[in-house]
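Residue numbers (the numbering used here), protein chains in the order written: chain A, 1 to 227; chain B, 1 to 117; chain C, 1 to 81.
Among the hints, a few may not be true.
As the list claims (entries may be wrong) - One-sided and incomplete, this derived list gives chain B residues near chain A with beta-carbon spacing under 10 Å:
hint	residue
1	VAL3
2	GLY9
3	LEU11
4	ASN60
5	GLU68
6	TRP99
7	ILE110
To be verified - For lysine to any residue, the following SDA-like pairs were computed, each having C-alpha atoms within a straight-line distance of at most 20 Å:
hint	chain 1	residue 1	chain 2	residue 2
8	A	LYS222	B	LEU101
9	B	LYS51	A	TYR25
10	A	LYS83	C	PHE19
11	C	LYS24	B	GLU68
12	A	LYS41	B	ALA65
13	A	LYS222	C	SER73
14	B	LYS51	A	PHE9
15	A	LYS222	C	VAL66
16	B	LYS104	A	PHE80
17	A	LYS222	C	VAL4
18	A	LYS41	B	THR69
19	B	LYS51	C	PRO50
20	C	LYS24	B	ILE20
21	A	LYS41	B	GLU68
22	A	LYS222	B	VAL98
23	B	LYS51	C	ILE5
24	B	LYS51	C	PHE69
25	B	LYS51	A	LEU21
26	A	LYS83	B	ARG112
27	B	LYS23	C	PHE19
28	A	LYS102	A	LEU142
29	B	LYS51	A	ALA22
30	B	LYS23	C	ALA32
31	A	LYS41	A	ARG192
32	A	LYS146	C	ARG74
33	A	LYS222	C	GLY62
34	A	LYS41	B	LEU62
35	B	LYS23	C	GLY62
36	A	LYS222	C	MET75
37	B	LYS23	A	PHE9
38	A	LYS41	B	LEU58
39	A	LYS41	A	GLY178
40	B	LYS23	A	ALA34
Keep in mind the hints are simulated off the structure, nothing from the lab.
Even glycine gets a Cβ: it sits at the ideal position worked out from N, Cα and C.
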Amino acid sequence: MVRNLFIIFILAGVASMFAALALGYSDPVALGSAASHYVSKGLAELNGVNIVTSVVVTYRGLDTLGEVTVLFLTASILSFFLKNRSHETKSESSELLTTASKVIFPFIFMTGLYIVMNGHLTPGGGFQGGAVMASALLLLILADNKTDGSPTLFTVLESVSGIFYVLTGVAGLIIAGGFLDATVLGAGITGRLLSAGAIPLISTLIGLKVGSELSTMLVKLKNASEV
Amino acid sequence: MAVTGIITGSLLILIGFYAILSKNNLMKMVIGFSLADTGVHIIIVALGYLKGRTAPILDNALLAANPETLVVDPVPQALVLTAIVIGFGITAIMLVFVWRLYEKYGTLEISRIGEAK
Amino acid sequence: MELVILIVLSLVVIFSAVFAVIVKTLTSAVIASGAVGLFASVMYIIYDAPDVALTEAAIGSGLMTVVFFLILSRMRRDENG
Numbered sequence: 001m002v003r004n005l006f007i008i009f010i011l012a013g014v015a016s017m018f019a020a021l022a023l024g025y026s027d028p029v030a031l032g033s034a035a036s037h038y039v040s041k042g043l044a045e046l047n048g049v050n051i052v053t054s055v056v057v058t059y060r061g062l063d064t065l066g067e068v069t070v071l072f073l074t075a076s077i078l079s080f081f082l083k084n085r086s087h088e089t090k091s092e093s094s095e096l097l098t099t100a101s102k103v104i105f106p107f108i109f110m111t112g113l114y115i116v117m118n119g120h121l122t123p124g125g126g127f128q129g130g131a132v133m134a135s136a137l138l139l140l141i142l143a144d145n146k147t148d149g150s151p152t153l154f155t156v157l158e159s160v161s162g163i164f165y166v167l168t169g170v171a172g173l174i175i176a177g178g179f180l181d182a183t184v185l186g187a188g189i190t191g192r193l194l195s196a197g198a199i200p201l202i203s204t205l206i207g208l209k210v211g212s213e214l215s216t217m218l219v220k221l222k223n224a225s226e227v
Numbered sequence: 001m002a003v004t005g006i007i008t009g010s011l012l013i014l015i016g017f018y019a020i021l022s023k024n025n026l027m028k029m030v031i032g033f034s035l036a037d038t039g040v041h042i043i044i045v046a047l048g049y050l051k052g053r054t055a056p057i058l059d060n061a062l063l064a065a066n067p068e069t070l071v072v073d074p075v076p077q078a079l080v081l082t083a084i085v086i087g088f089g090i091t092a093i094m095l096v097f098v099w100r101l102y103e104k105y106g107t108l109e110i111s112r113i114g115e116a117k
Numbered sequence: 001m002e003l004v005i006l007i008v009l010s011l012v013v014i015f016s017a018v019f020a021v022i023v024k025t026l027t028s029a030v031i032a033s034g035a036v037g038l039f040a041s042v043m044y045i046i047y048d049a050p051d052v053a054l055t056e057a058a059i060g061s062g063l064m065t066v067v068f069f070l071i072l073s074r075m076r077r078d079e080n081g
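Here chain A stands alone, though its shape is the one from the complex (with noise of 0.2 Å):
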């Protein structure tokens, strides 16, 4: 009875802040100073038409480069917790089933590769095209039991792209203006794949990295959940 009483006003505690916010809330009528300098100095200094993703990798670089650490991180974690018990007998697969996964596959992987190096002209980028060749693997290894994709493929994809994207960001030091600017390759032409500088090879970098590491990931759980 306490306690209910006692999650009764820990959560009315928290409504009656939320209810603040709603309530004071106006609706803004323009950007504030930071997204202004984004969004009107972004195209000429950068020289990218996707402003999220040019606020992402360059102007907001460190963020990622953390965020790829705290994924990092995860993945080994989950190794070192998930010991791979393959030496229990694997259930049969149909042959119809794995069949089919091998001719869809190049299709989303190939969707995905999409996403990742057309981060900077369109909705997309590294997280969400890495996120996508994840799950063209995930297919792969759900429908044929006994695969495991190749292990040591993607701890080295991992590793390469993450000591390249770092060597990238250290590039930019020394040749143009700071850590991770997106300038130590040319501008190139506004709507061009191969434009705006470094960022569509810290997309593809990025991307091959996230989607390395989710592939490692669902892998470890699929071998540690086998019945």
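Could you slot chains B and C onto chain A? The hints should help.
Here is chains B and C on its own, set in the frame of chain A:
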């Protein structure tokens, strides 16, 4: 229109907190955490919405005019992008810990786990 | 018009969240939380945030539900409270 998002996000946070605080099952707690996380993201994106404007992708029509008066705030979207991915990672780690607890104690209910110690 | 769509989506989101917390079968609760992510992704589109909608649909709705089920397949599917 942004107020609708704020109210939805607040209700999601309340529902998630209720699941974490009062439920006996560990999986329900993890589901509640994921719901509260989604609520926070909805509130942040709703706060960045400006009336009558469009998405922050500069196409030809926006490039001709002054894009600063025609585009929604891109900074909360960048922050929520990061937050969604990190929330997924944290929930995956929580699920692995729930599984290890189940392996050790054989039950998912915290009352029985508390008694067994 | 957008306001009406937004209100309907909000009601569906709240209803799915309440359903996820109340129902006894864990499988249904996980699917309901996946539905919350899906409709939140549509809400993000109405708020003019296509990148966030892509991320929420791919990670919050798709991969999260799969990870839940991969862990849940090792345990009992029903719960008591």
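Results of checking the hints against the structure:
no., hint, in the structure
1, VAL3, "holds, 6 Å"
2, GLY9, "holds, 8 Å"
3, LEU11, "holds, 9 Å"
4, ASN60, "holds, 9 Å"
5, GLU68, "holds, 5 Å"
6, TRP99, "holds, 8 Å"
7, ILE110, "violated, 13 Å"
8, A:LYS222 to B:LEU101, "holds, 18 Å"
9, B:LYS51 to A:TYR25, "holds, 13 Å"
10, A:LYS83 to C:PHE19, "violated, 34 Å"
11, C:LYS24 to B:GLU68, "violated, 50 Å"
12, A:LYS41 to B:ALA65, "holds, 14 Å"
13, A:LYS222 to C:SER73, "holds, 10 Å"
14, B:LYS51 to A:PHE9, "violated, 36 Å"
15, A:LYS222 to C:VAL66, "holds, 10 Å"
16, B:LYS104 to A:PHE80, "holds, 17 Å"
17, A:LYS222 to C:VAL4, "violated, 42 Å"
18, A:LYS41 to B:THR69, "holds, 13 Å"
19, B:LYS51 to C:PRO50, "holds, 16 Å"
20, C:LYS24 to B:ILE20, "holds, 15 Å"
21, A:LYS41 to B:GLU68, "holds, 10 Å"
22, A:LYS222 to B:VAL98, "holds, 16 Å"
23, B:LYS51 to C:ILE5, "holds, 16 Å"
24, B:LYS51 to C:PHE69, "violated, 40 Å"
25, B:LYS51 to A:LEU21, "holds, 18 Å"
26, A:LYS83 to B:ARG112, "violated, 26 Å"
27, B:LYS23 to C:PHE19, "holds, 14 Å"
28, A:LYS102 to A:LEU142, "holds, 11 Å"
29, B:LYS51 to A:ALA22, "holds, 16 Å"
30, B:LYS23 to C:ALA32, "holds, 17 Å"
31, A:LYS41 to A:ARG192, "holds, 19 Å"
32, A:LYS146 to C:ARG74, "holds, 18 Å"
33, A:LYS222 to C:GLY62, "holds, 16 Å"
34, A:LYS41 to B:LEU62, "holds, 14 Å"
35, B:LYS23 to C:GLY62, "violated, 25 Å"
36, A:LYS222 to C:MET75, "holds, 14 Å"
37, B:LYS23 to A:PHE9, "holds, 16 Å"
38, A:LYS41 to B:LEU58, "holds, 12 Å"
39, A:LYS41 to A:GLY178, "holds, 17 Å"
40, B:LYS23 to A:ALA34, "violated, 43 Å"
Consistency note: the structure conflicts with the earlier hints numbered 7, 10, 11, 14, 17, 24, 26, 35, 40.
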